[in-house]
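Participant: Just so we're aligned, residue 2 is where the sequence shown starts under my numbering, counting upward by one.
No wet-lab data here; the hints were simulated from the structure.
Hints are supplied without guarantee of correctness; some may be wrong.
As the list claims (entries may be wrong) - Label pairs and their in silico Cβ distance ranges:
1) GLY77 - LYS147: 37 to 43 Å
2) LEU95 - LYS232: 36 to 42 Å
3) SER46 - THR231: 27 to 33 Å
Stated by the list, open to error - Straight-line distance between alpha carbons at most 27 Å, and here's what the computed BS3-like set of lysine-lysine pairs gives:
4) LYS107 - LYS55
5) LYS113 - LYS180
6) LYS180 - LYS57
7) LYS113 - LYS57
8) LYS55 - LYS113
9) LYS113 - LYS147
10) LYS113 - LYS99
11) LYS107 - LYS130
12) LYS86 - LYS55
13) LYS147 - LYS86
14) LYS130 - LYS86
15) LYS232 - LYS130
16) LYS180 - LYS107
17) LYS86 - LYS57
18) LYS113 - LYS86
19) LYS180 - LYS130
20) LYS86 - LYS107
21) LYS113 - LYS130
22) LYS147 - LYS130
23) LYS180 - LYS147
24) LYS147 - LYS107
25) LYS99 - LYS130
26) LYS57 - LYS130
27) LYS99 - LYS147
28) LYS147 - LYS232
29) LYS107 - LYS57
Please read all numbers here as calculations on a predicted model, not as lab measurements.
All C-beta atoms in this analysis are idealised placements derived from N, C-alpha and C, irrespective of residue type, glycine included.
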Amino acid sequence: MNSSDLLSDYQIYRSDHVKERSVIQLGSYKSLHTSSLCYDVAWHSDDRILVAKKGKMDLINLNNRSCVERSISFAGDLFTIVPYKDWIVLCINLNDLKTEIVVYGKEFNILKSWQVEGFSCDIAVVDNKVVLSRQNPGNLKVFSLKGESLPDIIWNGSSVGIVGCPPDSVILADREYGKIYKKQLTSGNILWSADVERPFFVCVDSNGITWVRSNDTDCFTLIDPNGMLTKFLTTLDVLLPYATLSGGYSGGCLLTKSFFQGCHRHTQLCND
């Protein structure tokens with residue numbers, strides 16, 4: 002894809018924390034028409050982000066807001082992108098019965114791929130292990146980065162959202178019971194839990210703060226490294242550009258003071 006190609010078919014939001022006012026400001030990238038779904042956003046490097054979309058992954062240069070530097074197509078829907086060390090791990094939904102995990106090198110060369118029975122919409126990568134989420138209650142599947150099956154993580158809840166929390170832990174969003182859990186992998190112990198209404202996805206910043214987005218709402222819940230709720234951000238705390246309150250939000254990523262988030266939309270919006 003030519004580097005001059007426009008961002009014409011999805012929407013991404015970037016928020017910068019304003020310390021003096023303790024609010025989150027969201028600004029939008031152009032252009033803002035979403036002809037395909039945007040599922041996840043992940044940090045790449047050097048002011049570049051990776052965007053998971055319906056059928057492909059885009060590499061975006063944030064210094065040139067109309068620049069798609071690279072685009073890779075897939076047979077299914079790319080739900081999750083997890084950068085890990087020198088690798089990029091993808092979770093691709095082929096259909097309701099099968100999920101594919103693909104491991105890329107830093108030059109976007111495929112190092113390993115394998116298929117897993119069942120539907121998974123999120124993954125965590127921690128301690129060289131890939132942990133798959135589940136929409137329905139049941140144990141979590143675990144693999145090495147080479148695709149080798151490892152012992153399951155015993156789990157009775159749902160886990161629609163999951164993120165790695167090194168060392169040796171994952172944070173799970175249980176939408177059915179409205180809970181966030183931090184679970185240790187080796188022992189299986191739950192280190193802490195917190196109540197969050199209909200959690201949908203989770204991410205962790207460099208200070209160990211867990212950011213939780215609630216499903217079908219415009220709310221963030223922030224949880225400290227000990228599992229204590231520290232802040233609840235409503236639409237009064239979040240300044241949004243025109244016409245962005247409707248539509249389903251999906252995955253996101255954090256870096257220093259910026260938050261990037263994908264948004265499912267099928268309408269034309271105004272530029273900021």
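Participant: Just to be careful, I want the Cα atoms of LYS130 and LYS86 compared with a cutoff of 27 Å; is the pair within it?
Facilitator: 12 Å, holds
Participant: Would you check the hint for LYS107 and LYS55, treating anything up to 27 Å between C-alpha atoms as holding?
Facilitator: 22 Å, holds
Participant: Verify the proposed pairing of LYS180 with LYS130, using a straight-line Cα cut of 27 Å.
Facilitator: Given pair LYS180, LYS130 holds - Cα atoms ~24 Å apart, limit 27 Å.
Participant: Please work out if LYS86 and LYS107 have their alpha carbons no farther apart than 27 Å.
Facilitator: Between LYS86 and LYS107 the Cα gap is close to 9 Å, so the pair holds against 27 Å.
Participant: Does LYS232 sit within 27 Å of LYS147, going by the straight-line distance between their CA atoms?
Facilitator: 39 Å, violated
Participant: Next pair to validate is LYS113 with LYS147; report whether the Cα-Cα distance is within 27 Å.
Facilitator: 6 Å, holds
Participant: For LYS86 and LYS55, compute the direct alpha-carbon distance and say whether it is at most 27 Å.
Facilitator: Cα-Cα ~25 Å, so holds.
Participant: Holds or violated: LYS99 and LYS147, Cα atoms, limit 27 Å.
Facilitator: Holds - the C-alpha atoms of LYS147 and LYS99 are around 18 Å apart, at most 27 Å.
Participant: Need the status of pair LYS147, LYS86: alpha-carbon distance at most 27 Å?
Facilitator: Within the cut-off at roughly 15 Å; holds.
Participant: Quick one, are LYS113 and LYS86 close enough, alpha carbons at most 27 Å?
Facilitator: The given pair, whose Cα atoms are some 15 Å apart, holds under the 27 Å limit.
Participant: Check the following: the C-beta atoms of SER46 and THR231 are separated by a distance inside 27 to 33 Å.
Facilitator: Holds: the Cβ-Cβ distance is about 29 Å, inside 27 to 33 Å.
Participant: Holds or violated: LYS147 and LYS130, Cα atoms, limit 27 Å.
Facilitator: At roughly 9 Å apart (the allowed maximum being 27 Å), LYS130 and LYS147 satisfy the hint.
Violated hints for the displayed structure, listed by number in ascending order: 1, 5, 6, 15, 16, 23, 28.
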